[in-house]
Amino acid sequence: MNGPGINDFTLRIATVNGTGSASANGLLMKAIFRMGVPVVGKNIFPSNIQGLPTWYEIRVTGDGYAGRDGETHFVIAMNPETYADDLAELAPGGVLLYDSTWPRPQLLSRPDVTVLGAPLSAMCNEAFKAARSRILMKNMAYVGAAAALLNLDLGVIEQLVTEMFAGKEKLIPLNMQAVALGHDYAKQNFKCPLDFRVTPLDKTKGKVMIDGNTAAGIGAVFGGATFGAWYPITPSTSLMDAFQKYCEELRVDPETGQNNFCILQAEDELAAAGLTIGAAWAGARGFTPTSGPGVSLMSEFIGFAYYTEVPLVICDIQRVGPSTGMPTRTQQCDIQLCAYASHGDTRHLVLFPAHPGECFEFSAKALDLAERFQTPVFFLSDIDIGMNDWMVDELTWPEDYVPDRGKVLNAEQLEEVDAFYRYLDVDGDTIPYRTLPGTHPKGAYFLRGSGHTKLGRYTEKGPEYKEVVDRLYEKWKRAAAFMPEPVVKKSDRPARYGMIAIGSSDAAVTEARDRLEAAGVPVDYMRVRGFPFSDDVTAFIDAHEEVFVVEQNRDAQLMNLLITETSAPKEKLVPVLHYSGEPLNFRFVYEAVETALKVRKIA
Amino acid sequence: MNGPGINDFTLRIATVNGTGSASANGLLMKAIFRMGVPVVGKNIFPSNIQGLPTWYEIRVTGDGYAGRDGETHFVIAMNPETYADDLAELAPGGVLLYDSTWPRPQLLSRPDVTVLGAPLSAMCNEAFKAARSRILMKNMAYVGAAAALLNLDLGVIEQLVTEMFAGKEKLIPLNMQAVALGHDYAKQNFKCPLDFRVTPLDKTKGKVMIDGNTAAGIGAVFGGATFGAWYPITPSTSLMDAFQKYCEELRVDPETGQNNFCILQAEDELAAAGLTIGAAWAGARGFTPTSGPGVSLMSEFIGFAYYTEVPLVICDIQRVGPSTGMPTRTQQCDIQLCAYASHGDTRHLVLFPAHPGECFEFSAKALDLAERFQTPVFFLSDIDIGMNDWMVDELTWPEDYVPDRGKVLNAEQLEEVDAFYRYLDVDGDTIPYRTLPGTHPKGAYFLRGSGHTKLGRYTEKGPEYKEVVDRLYEKWKRAAAFMPEPVVKKSDRPARYGMIAIGSSDAAVTEARDRLEAAGVPVDYMRVRGFPFSDDVTAFIDAHEEVFVVEQNRDAQLMNLLITETSAPKEKLVPVLHYSGEPLNFRFVYEAVETALKVRKIA
Amino acid sequence: MTSFVKPKIRRLNEPTNGLGKTRADYDGAMSTLCAGCGHDSVTAALARAFYELSTDPKDVVKVSGIGCSSKTTTYFLKDAHGANTVHGRMPSFATGAAAVNKNLTYVGVSGDGDSLSIGLGQMAHAIRRNVDMIYMLENNGVYGLTKGQFSASSDIGSKAKKGATNMLPPIDPAIMALSIGATFVARSFSGDKQQLVSLIKAGIAHRGFALIDVISPCVSFNDHKGSTKSYAHTYQYYHKAVHADYVPPSEEITASYDEGEAMPVELHDGGSILLRKLDKDYDPTNRASAMEKLMQSQQTQEILTGLLYIDESRPAMAEHKKLPETPLHSIPYSKLNPGADALRKLQDEFR
Amino acid sequence: MTSFVKPKIRRLNEPTNGLGKTRADYDGAMSTLCAGCGHDSVTAALARAFYELSTDPKDVVKVSGIGCSSKTTTYFLKDAHGANTVHGRMPSFATGAAAVNKNLTYVGVSGDGDSLSIGLGQMAHAIRRNVDMIYMLENNGVYGLTKGQFSASSDIGSKAKKGATNMLPPIDPAIMALSIGATFVARSFSGDKQQLVSLIKAGIAHRGFALIDVISPCVSFNDHKGSTKSYAHTYQYYHKAVHADYVPPSEEITASYDEGEAMPVELHDGGSILLRKLDKDYDPTNRASAMEKLMQSQQTQEILTGLLYIDESRPAMAEHKKLPETPLHSIPYSKLNPGADALRKLQDEFR
Ligand SMILES: Cc1ncc(C[n+]2csc(CCOP(=O)(O)OP(=O)(O)O)c2C)c(N)n1
Ligand SMILES: Cc1ncc(C[n+]2csc(CCOP(=O)(O)OP(=O)(O)O)c2C)c(N)n1
Ligand code: SF4
Ligand code: SF4
Ligand SMILES: [Mg+2]
Ligand SMILES: [Mg+2]
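Protein chains in written order, with my numbering: chain A, 265 to 867; chain B, 265 to 867; chain C, 2 to 352; chain D, 2 to 352.
Calculated from the structure, these hints are not laboratory results.
Predicted model only: the values in this text are computed from it and were never measured.
Incorrect hints may appear among the rest.
Here are a few chain C residues that face chain D, going by a calculated C-beta distance under 8 Å [what the hints assert, rightly or not]:
no. : residue
1   : Arg130
2   : Gly164
3   : Met168
4   : Leu169
5   : Ile181
6   : Met296
7   : Ile332
8   : Asp349
For every residue, glycine included, the Cβ atom is placed at its ideal position computed from N, Cα and C.
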């Protein structure tokens, strides 16, 4: 489809985790970003702390596509353990750079790629004394070599190094020395730069590189969340880390020293759910981040919040399931669980952010929806969005934003009403009023997960029970209109085919769509952003002969939801499933659709 | 449709729980059963121990239908708290008997029913001294009155009383005295018997009256279960009680006094799941009974068992959800949960027994399937089946039954193999061999819920991961052929319409079908007995213009499963939903279908 | 089957408390428990304690799990918000609620099944956090609502109604709580209303988590011979170790007391708890020695009651979490929103 | 990223045990933990103990939860069945497995996060049941695998690597276990291999649940200054109270010992554990006094190690559950099936 070229190639750095390579890799990515060239960074790391293979992939994408390419053009192979895999990974014509302190002739086994050896360890061992700094400096040395090969701006790199070591200034020259070692060696020994390389552009102004968890944490701060509880679990931990960090920076009352927030580390996910529900019932805007296993454990409490109508925001940062699965790999495999979690008839609201910009927006949106509809809301992200740095528009917060706290009666209002009934739909919008503890004796009511009437009393009578659960169903349906509307990218020409995707699949699907169109296959694309689905989704399916549902799980969970929760005929939907654990790439989508259409033509 | 008549009417006894009425009600039901007349007994009890309203409904059904009628023809109203409701409940022409020690003129407010007052308390207070026995005897007195009114055989009643007080013989005459009090009063003051009444038949020979939980517990004994763990929860508790009772009676080694079973009361449902999975992994045939909240809590462990391929039988005796719901009322509301429980891509096997006879059979079948397919199997029953006495054929166990222990390599077999790999599909049937701890060093392997290869090794590589989960999907699909096949009741004439139902809906749907046919509406009926669905289910839907899916939940969970898990067009399926918590009755189904068809005709 | 509200009839000259409320103002819905159930006495003691403390019911939050015991939160203080959560998970819900508004009084009610089996972890961690709440553990050695299984507080050798003998060692909530750093540990008996009311008042006044383990017999499933949680057995082995009276800040301690036998513990609200040792060498302010006594009493089957341990020095959750005076739900958004400038600045590191 | 199996090279004249196996026969896959992690030393001690006991690896069952510590079950005894379960739920899985076959040896490995937060309830209930297993709690005061959050064993005042100070009281697993009736409670340190190996052997020989709380420092997230679970801090406050040596049934106790200082505890297998008190007035057979010492040591920060408490008298689960000699999976169906007659007879009550 496309080959590597100027500002259009993918670099993959293979290292061992716990060796400090993360900052070197970040530096490389940032350098390109600062040169005005859009980048995509993907961190593929193992589920341990030290000593296992890890990769960092940087796609340089002058066109500004935000997804993965699917091919690798340049590998910096620093981990002998994975040399074979790294070599195999390279596209024909690609380049592999490795540490030739220990020469590896077998790396020459592929005639269609170029292998470059630089004695990085040898040079660093010679230049630096301390054992730990030798390891760290080797990372900077490959940064230098890459800079030479890819035409990166050394000034920009120096600036980044300077920022990195603010406060430890004496490390700056040492690190720049290591950069120079690699850089100079490359200049002297290889043809620099390579054919595919970076040239400055002006496409990153007004942009930031941020991961979705951090953005969601900031969103919760700006959205007015005052409560958070969580039990640590990869890959959700950094969401709460961010919330905590910015709360501590921005939310401590300067006069009293008191916190205008409360964050509790729970003893497990059941407790995290209980803490959050308890706080929400008492009136705080709260949320709990977790991942699949956590949602499983919260299931009982989720049904409780649904039935008792307590606002509850759960941020599920998905990882590969089932069970512990691959905790550092990405999937979209909890879609169905989040839609229906818990026993009995339960159905929830789900938001599908597609990138950190939306994480920022939707984490606040989730709080609004939860309080408006008094029900569990899932913020459904994944490792790819949550833990990778994405280039997005600088985050800005609407000046006029007012948190939607939903229907809460205060003391004055309670004083005025004749009587307050917790589950009575007084104004026909399917949402009853609630009250907070400590407000007014008239507002007192008893919350229970057992059968209750619309007045809030205990019941075991079928008709009284039904009245409440029927309203819950109506309330849930009504929420469809309040979900963020789908985003549609239409083909210039009338398209017989459509694609539907959610969340982190968006970037790859968008690119695949464009390229299919460029290749003469007009395809419309709808990105769904919330569940329950709006009527637009049905209309989109109706308007096409066939719709490819692209998602990152084995069981076509999104497609199944579309089948049961829209009126569209199921025959039109075709699953495109990717579930290896690596973030989706556009080639996969392109090829899946192309192949499917070829089959149609033949048949 | 039908009115009350000889051997065809419904009697409802309204009392207060904790007053000993349960045995009196059981006595009434058994008396009719012993007179050779089929009966249906439904216990509608509150979620507390003492002092709240409770009802026992006895349908006398000479035709042998096993479901509820939907109308009440005779009420014995012993609880002033519910007089109004009980009166309202009566069909026109019905009869209400109450304790007129405290006369209630307002009971006469309905001109279309007959109210009979008998001073039961007064008579008992006069005849008996002790306060507690006065309360108990009052129950026997209404048994006597009912016997007179309904033409029950006093000899049969005396026989039952004799059996009831075996070992406490001196209570027999006292109880018979109370029966006589009621009986004589009725004879002397009312026109006895009523128009609708019991006359002896010969239709209960070879039958037993048993509840589904007891039958399932016995089934687990005969099916060779050696392990059970549970955390008490209504309505599943009596299943384990039965297993324990019969194990203690029948499974203690007479020589050593050791138990050929192990039953553990867990500290919660998470532990119950863990205990059962641990025992199954170590080689025992085990199961854990629970209800909806328990399944929610077990969710994480269920995904673990699915992914690690450990046999796991969960008996979910459904009650009204969501959350704590109405714990003593019935629903079929965990269908979807059990089909897909846990995060990630997970799908399970589900059995749908429809009556205690099948509970007996399927609790063993569940063990067989779990061990054969090395995966979680849900035995999905409900309160109606589990806790009510049903008339079924006497339980018999196949002489030639051999437990299906699945593919387990023993020491000799291991000795012979080159190497053992836990997740390798060596013979192409999608099921790998497993080994038990302590067997042979060659059989040692490591079980993990994290990513593993087909050899059983840890992996974070996408293709290796996929290979295993793809096989799991195939294995699940293959199991469809091993589920009990659907039961079809065809109309005599070609039918444009079909009905599909599962479990406890069967009795009412069967009767509704017969009566629809009798009324000139030929309808075919398929009762599904297992998930994944066999191709017969698709074929059945294909063969009809419209298929009514009758189920006891709000969200049409079975219908949604049929939509996504068969290739049948979803447009053909029409939901018929009943979810008030009382067991389904045939009138509800009849009317729902009749109304729907009328609409069609008009439109 | 709806919950019945008790008819409210105020008698002439009925005594009232500091708020002008009568004892009946602290009632709730009519109990649906078995006649004679210990839990109803605990309910009465709670209502009485709040009445005597002149607490405004609307400033109380009642929370429970699932079980007969947990149902009782509806049976007192109808004017207070209350919640029946899910089985064994009341502590987390209560902790979350308590984090929002530190100015209310939180009452948790639970059972031995709810707290010591399914809920053991949550109870322990609420203790660790020293959540400012009183935790009534209505302990009957049995699962009442599910009809009589042994709970984790059953003593070795205790007999079930159906005949089985418990073989597993009990989890004594008081010992367990002490072992993980509880700051207020008491035990009482539903049959001793006077002691119970005193302890509840002290527990409410305590800063932090106050556990009251109340032996509260189950007449339907665990009040027979052979049960060690029956009324008869409890009366027989009942032993009062330390009596505790709450003295509000306004009152001076006037009662004279013998130095060796009684001592006041100062509370953070300016009031105090006046301890009277009924057992001379029992020191309720020394954790190790309280533990020793409790373990000894386990050997002798003695049921040691009263305020078994108190430590007013450890900060409660509200303090170590620096929770604000204003409830979290009422902090104006202008204070929560860091503003556009801050947002711009914090993004510097993402460029 | 697949787990690597260590190359097996047997050296000439390598020592062997009673089964003719070398120490390397007790190894497992290569560790993927951080260099210097305490857990690797515990792994080595386990392998050594089994080697010294001449246990056939195939007769061992290894079970763990989730965490760095829990990973280690793959790093020893490759010829034994093993299972990594879900986080905090190893005890139930292990209990279920142990119920099936009482003739195998069960080793649980867990972490302080796995056992004291999410898994607290399960650990407590396995203790109550006195499941016949050894339970290694690799205690580093931190969540290693999720990168450094405080665990429930963190001491008050202990500092996190990122600077935060823990404000909550620790759950001391030894104290907690004692408080709920544990029958074997020991503490050790990953840095003291000799003590650890002895304790493991004693724990395996013990009938019932043997808890070994092992301080096992996390070099990546909790080995800095200010941490009370660092190597340095542990070495400084390390205090050996009672040394325990397992003496197999075949060996006579020959070592002479001073009555006041050492004592043998007879085991159900005919062997014994020889206790040497390094602390004169410490009595590891008295629960109340062991508790007292442990609580005192909490005050002084002293890390009391060794066999802290042992009670051989209480039946293990296999006994009170009357588990058969034949593993449950191997009882012939003919013995399990009560037969047609029994089925007919039991239905009499249903007619
Ligand atoms: C998740 C879950 N499991 C089981 C139950 C069933 N259940 C209700 S109450 C109870 C035990 C109650 O015992 P306890 O807390 O001692 O209360 P008591 O009734 O004795 O006062 C159980 C097991 C439930 N409601 N939820
Ligand atoms: C249900 C669930 N929640 C959270 C996690 C994430 N998690 C993995 S290990 C761990 C803590 C481990 O701490 P510890 O048991 O002390 O082990 P260590 O790594 O310190 O040895 C957590 C929270 C998980 N795997 N599963
Ligand atoms: S069953 Fe027991 S605990 Fe429950 S209400 Fe009755 S007496 Fe009380
Ligand atoms: S992170 Fe800590 S506990 Fe985990 S392997 Fe590294 S040193 Fe060990
Ligand atoms: Mg109880
Ligand atoms: Mg740890």
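Hints and how they fare:
Satisfaction of the interface hint for arginine 130 of chain C is found here, the shortest Cβ-Cβ separation to chain D being roughly 6 Å, below the 8 Å cut-off. Below 8 Å, beta-carbon pairs count as interface contacts, and glycine 164 of chain C has none with chain D, the closest being about 16 Å; its hint is therefore violated. Given hint, methionine 168 of chain C at the interface with chain D, holds; its Cβ is 4 Å from that chain's nearest Cβ, closer than 8 Å. Checking leucine 169 of chain C against chain D: minimum C-beta separation of about 5 Å stays under 8 Å; hint holds.
A least Cβ separation of about 5 Å between isoleucine 181 of chain C and chain D falls short of the 8 Å threshold, and the interface hint therefore holds. Checking methionine 296 of chain C against chain D: minimum C-beta separation of about 4 Å stays under 8 Å; hint holds. Hint on isoleucine 332 of chain C is violated. Least Cβ distance to chain D is approximately 23 Å, over the 8 Å limit. At its closest, the beta carbon of aspartate 349 of chain C sits 21 Å from a beta carbon of chain D; the interface hint therefore is violated under the 8 Å criterion.
Of the hints listed earlier, those the structure fails to meet are numbers 2, 7, 8, in rising order.
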